[in-house]
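Trainee: When the count follows the numbering used here, it moves up by one through the sequence shown with no breaks and lands on 821 for the last residue.
Worth flagging that the hints you see were computed from the coordinates, not collected in a lab.
Keep in mind that this is a model prediction, so the values were computed, not measured.
Ideal Cβ placement from N, Cα and C applies to all residues, glycine included.
Some hints here could point you the wrong way.
[Said to hold, decoys possible] What follows is a set of in silico ranges between Cβ atoms, one per label pair, in the way DEER data are often shown: (1) S771 x K814: 35 to 41 Å; (2) S784 x V810: 35 to 41 Å; (3) I797 x A728: 18 to 24 Å; (4) Q800 x E735: 23 to 29 Å.
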Amino acid sequence: MSQIDTSGMLAQMRALAEQARGATPAEQPGESDFTALLQRSIDRVNELQQQSRSAKEAFRTGEGELSLAEVILASEKAGIAFQTLLQVRNKVVQAYKDVSNMPL
Numbered sequence: 718m719s720q721i722d723t724s725g726m727l728a729q730m731r732a733l734a735e736q737a738r739g740a741t742p743a744e745q746p747g748e749s750d751f752t753a754l755l756q757r758s759i760d761r762v763n764e765l766q767q768q769s770r771s772a773k774e775a776f777r778t779g780e781g782e783l784s785l786a787e788v789i790l791a792s793e794k795a796g797i798a799f800q801t802l803l804q805v806r807n808k809v810v811q812a813y814k815d816v817s818n819m820p821l
């Protein structure tokens, strides 16, 4: 199962911060675009939330053979993924504010 790659996101954010300072690090082969990485992460969080919602609905209606523990696990995975994405967003917004407030 794919998970949000926070270390990859943080590496991208550090590279952007270095570029903003004027130092341009050498491009690494196979390095993904930050926008694409962020979009994949958003899509993954959305997928986890949809899985959680469908697991809750299936448990509530008695369809399927999900246990309460599986439903709670799906819900917690979705919650943790969302909170992680929210924290990354907050860091990106703060980095943008820091860069925009730098004197020229």
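Trainee: State for each hint whether it applies.
Mentor: Evaluation of the provided hints:
| no. | hint | verdict |
| --- | --- | --- |
| 1 | S771 x K814: 35 to 41 Å | 38 Å, holds |
| 2 | S784 x V810: 35 to 41 Å | 39 Å, holds |
| 3 | I797 x A728: 18 to 24 Å | 21 Å, holds |
| 4 | Q800 x E735: 23 to 29 Å | 27 Å, holds |
Comparing the model with each numbered hint stated earlier shows that all of them hold.
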